[in-house]
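In order, the protein sequence lines correspond to chains C and R.
Per this note's numbering, residue 5 is the first one in the first sequence, and the count goes up by one each step.
Per this note's numbering, residue 5 is the first one in the second sequence, and the count goes up by one each step.
Please keep in mind that the hints were generated in silico from the structure rather than gathered at the bench.
Mixed in with the good hints, there may be bad ones.
[To be verified] Under the rule of at most 20 angstroms between Cα atoms (straight-line distance), these lysine-lysine pairs were calculated in the PhoX-like manner: (1) R/96 / C/96; (2) C/88 / C/53; (3) C/88 / C/72; (4) R/191 / R/88; (5) C/191 / C/11; (6) R/11 / R/53; (7) R/113 / C/11; (8) C/96 / R/191; (9) C/191 / R/43; (10) R/96 / C/113; (11) C/11 / C/88; (12) C/96 / C/75; (13) C/124 / R/113; (14) R/53 / R/88; (15) R/53 / C/43; (16) R/113 / C/96.
[As the list claims (entries may be wrong)] To give a feel for the contact side, a few chain R residues facing chain C, derived at Cβ under 8 angstroms: (17) 29; (18) 32; (19) 53; (20) 87; (21) 100; (22) 201; (23) 215.
Each residue gets a CB set at the ideal place from its N, CA and C atoms; glycine is no exception.
If you want the building blocks of each chain, they are given just below.
There are 2 protein chains.
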Amino acid sequence: MTDRIPKPSIGRLCKIYTLLEELEAQGAVSVSSHEIGEKIGVGSHSVRKDISYLGEVGRVGSGYEIVKLKKYIGEKLGLDVERKACVVGLGKLGTAILQNEKLFSNNFKIVAGFDSNINKIETMVTHIPVYPAYELADVIRQQAIELAVITVPGHASGDIIDRLVEGGIRGIVNFSSMPLHAAYKEKVYVSNFDIAGEFRFLSALFTIEPR
Amino acid sequence: MTDRIPKPSIGRLCKIYTLLEELEAQGAVSVSSHEIGEKIGVGSHSVRKDISYLGEVGRVGSGYEIVKLKKYIGEKLGLDVERKACVVGLGKLGTAILQNEKLFSNNFKIVAGFDSNINKIETMVTHIPVYPAYELADVIRQQAIELAVITVPGHASGDIIDRLVEGGIRGIVNFSSMPLHAAYKEKVYVSNFDIAGEFRFLSALFTIEPR
Numbered sequence: 005m006t007d008r009i010p011k012p013s014i015g016r017l018c019k020i021y022t023l024l025e026e027l028e029a030q031g032a033v034s035v036s037s038h039e040i041g042e043k044i045g046v047g048s049h050s051v052r053k054d055i056s057y058l059g060e061v062g063r064v065g066s067g068y069e070i071v072k073l074k075k076y077i078g079e080k081l082g083l084d085v086e087r088k089a090c091v092v093g094l095g096k097l098g099t100a101i102l103q104n105e106k107l108f109s110n111n112f113k114i115v116a117g118f119d120s121n122i123n124k125i126e127t128m129v130t131h132i133p134v135y136p137a138y139e140l141a142d143v144i145r146q147q148a149i150e151l152a153v154i155t156v157p158g159h160a161s162g163d164i165i166d167r168l169v170e171g172g173i174r175g176i177v178n179f180s181s182m183p184l185h186a187a188y189k190e191k192v193y194v195s196n197f198d199i200a201g202e203f204r205f206l207s208a209l210f211t212i213e214p215r
Numbered sequence: 005m006t007d008r009i010p011k012p013s014i015g016r017l018c019k020i021y022t023l024l025e026e027l028e029a030q031g032a033v034s035v036s037s038h039e040i041g042e043k044i045g046v047g048s049h050s051v052r053k054d055i056s057y058l059g060e061v062g063r064v065g066s067g068y069e070i071v072k073l074k075k076y077i078g079e080k081l082g083l084d085v086e087r088k089a090c091v092v093g094l095g096k097l098g099t100a101i102l103q104n105e106k107l108f109s110n111n112f113k114i115v116a117g118f119d120s121n122i123n124k125i126e127t128m129v130t131h132i133p134v135y136p137a138y139e140l141a142d143v144i145r146q147q148a149i150e151l152a153v154i155t156v157p158g159h160a161s162g163d164i165i166d167r168l169v170e171g172g173i174r175g176i177v178n179f180s181s182m183p184l185h186a187a188y189k190e191k192v193y194v195s196n197f198d199i200a201g202e203f204r205f206l207s208a209l210f211t212i213e214p215r
C-alpha cells in the first residue's frame, strides 16, 4: 500500500516526523492536525490526508498521540533505522559537514570522508576516517554506506556519482552547482542544493512579487 | 505580465539561467529546449512553456541563442543585479559559507557575518567583517543587505528572523532544522534546507520505492 504515496506527501511526512521529535523533546503528548499544518506551512486537511496514506492511525480527541504517530511514520518510511553516511569533497563546506555533528540527527552516522587530494587526506586531523577518492566504491560497499553528501565542483560530480552508484549508495545530497537528477534518476535518489541557486530563486521571487 | 509566472516555473527558469552560464563558459552558442530539459530534468515542452512566460524570446533554428536567452531571463527575474548577502551563525557551517567564495556566483557578495558569541566575533580571523548579533537589523539596513543565510540552532531562529525582517532582508536561506515559511511568509521569502531532513526524505524514498 505504501508504494503509492505521492512524493510531496512523503516530503511532508518527513517534516512532520522532525516536528514530532521536537514536540516530544519539549514534553508535549498530543498534537492536532491544525497545529502540525501551521508549523510545516500547509493546511490541516493536507496533514490528515498525508497521514492517511500510512493506513489507520489512532486519533485522540482532536489530535494525535505524538509518540504513536512518530513511531508509525518512522516505521513506514524507514526513518527509525540508523544509516551510515559519507562526505565527498573535503573543502571548507565538506569539512564543516563532516565534523558538525549537530547537523545530523542520531539516526545518521557520518563514517567516512573522501577527497581526491591525497596530501589533504594524509594531513587532515579529524575523528572521522578519511580516504582518497579512488577508494570510494570499495569503502561504501565494505561499510554498507547508504547516503552521501557531495561538495565537489560541478564538473567533477559526474565521475563521483558513477563511483557512488558502483559502491551501492542509495541517496545523495548534492551541493555542487550542477543538478544531477536527470542522468542518474534511474539509479539513485538525489537531492540538489546549491546556495547560489537558492539565492537566485529567492531574488527572482522578490523581484517578481515583492513582499 | 511577469507577475503571473507560477513559482515552479520561476524555479526552473533560475536553473536554466545557471545552465546557460555553464554552457556559455564552455563556449557554446546555442541550445535546444530538448538539451535544456535533459540537463535540468524536465521535458522540452515544459522548458518552452517556462520560457514563454517571459514574453517573446527569439529562437534560432531548433534552439535559443545562449547569450540572448540568458540576458532575457536575467533581466526579467532580476538575476543580473549584484546583491549583498550575510551569514548569521558562525559555527563550522556558517564560517565555511562565509569564506567559501566558490559557493557564490559573482552576483552575490557576502559582506557581513553575525554571531551571538562576542568572544568569537572578537577573535575570528576573516577578510569579511563580522558583527555581534544584536547589530543585525542596523547593519542590514545601513548596507542594504538583501539576502541572509541562517545556520543558528532551530530554537534561536525565530528571534533572528524578527531582526532580519526588521532590517529589511528580502530572502533567507535557512539551514536550521526548523522550517520557517509558515510564520514569516507574509514578510520575507524563505528557502529551508536541513541536511538531516534531506537524508530523511531520501531514506523514505528508497525505503518505499528502492531503485
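Can the restraint linking residue 113 of chain R and residue 11 of chain C be considered satisfied, given a maximum Cα separation of 20 angstroms?
-> Measuring from Cα to Cα gives roughly 35 angstroms; hence the hint is violated.
Taking 20 angstroms as the top limit, are the C-alpha atoms of residue 191 of chain C and residue 11 of chain C close enough?
-> holds, 17 angstroms
Regarding the pair residue 96 of chain R and residue 113 of chain C, is the alpha-carbon distance no greater than 20 angstroms?
-> holds, 18 angstroms
Under the criterion that the straight-line Cα-Cα distance not exceed 20 angstroms, is the pair residue 88 of chain C, residue 72 of chain C satisfied?
-> violated, 26 angstroms
Distance restraint between residue 124 of chain C and residue 113 of chain R, which requires alpha-carbon spacing of 20 angstroms or less = Roughly 28 angstroms separates the two Cα atoms, so the pair is violated.
Would you mind confirming whether the straight-line C-alpha gap from residue 11 of chain R to residue 53 of chain R stays at or under 20 angstroms?
-> With Cα atoms ~13 angstroms apart, residue 11 of chain R and residue 53 of chain R stay inside 20 angstroms; holds.
Does residue 53 of chain R pair with residue 43 of chain C here, judged by a C-alpha cut-off of 20 angstroms?
-> violated, 34 angstroms
Given hint residue 96 of chain C paired with residue 96 of chain R - CA-CA distance at most 20 angstroms = With Cα atoms ~9 angstroms apart, residue 96 of chain R and residue 96 of chain C stay inside 20 angstroms; holds.
Mind checking the alpha carbons of residue 191 of chain R and residue 88 of chain R for me, to see if they're no more than 20 angstroms apart?
-> Given that 20 angstroms is the threshold and the Cα spacing comes to 19 angstroms, the pair holds.
Going straight from one Cα to the other, do residue 88 of chain C and residue 53 of chain C come out at no more than 20 angstroms?
-> With Cα atoms ~31 angstroms apart, residue 88 of chain C and residue 53 of chain C exceed 20 angstroms; violated.
Hint check: is the beta carbon of residue 87 of chain R less than 8 angstroms from a beta carbon of chain C?
-> Given a least distance of 6 angstroms, the restraint on residue 87 of chain R holds.
20 angstroms Cα cutoff - pair residue 96 of chain C, residue 75 of chain C = violated, 36 angstroms
Checked against the numbered hints given earlier, the structure breaks hints 2, 3, 7, 8, 11, 12, 13, 14, 15, 17, 18, 19 and satisfies all the rest.
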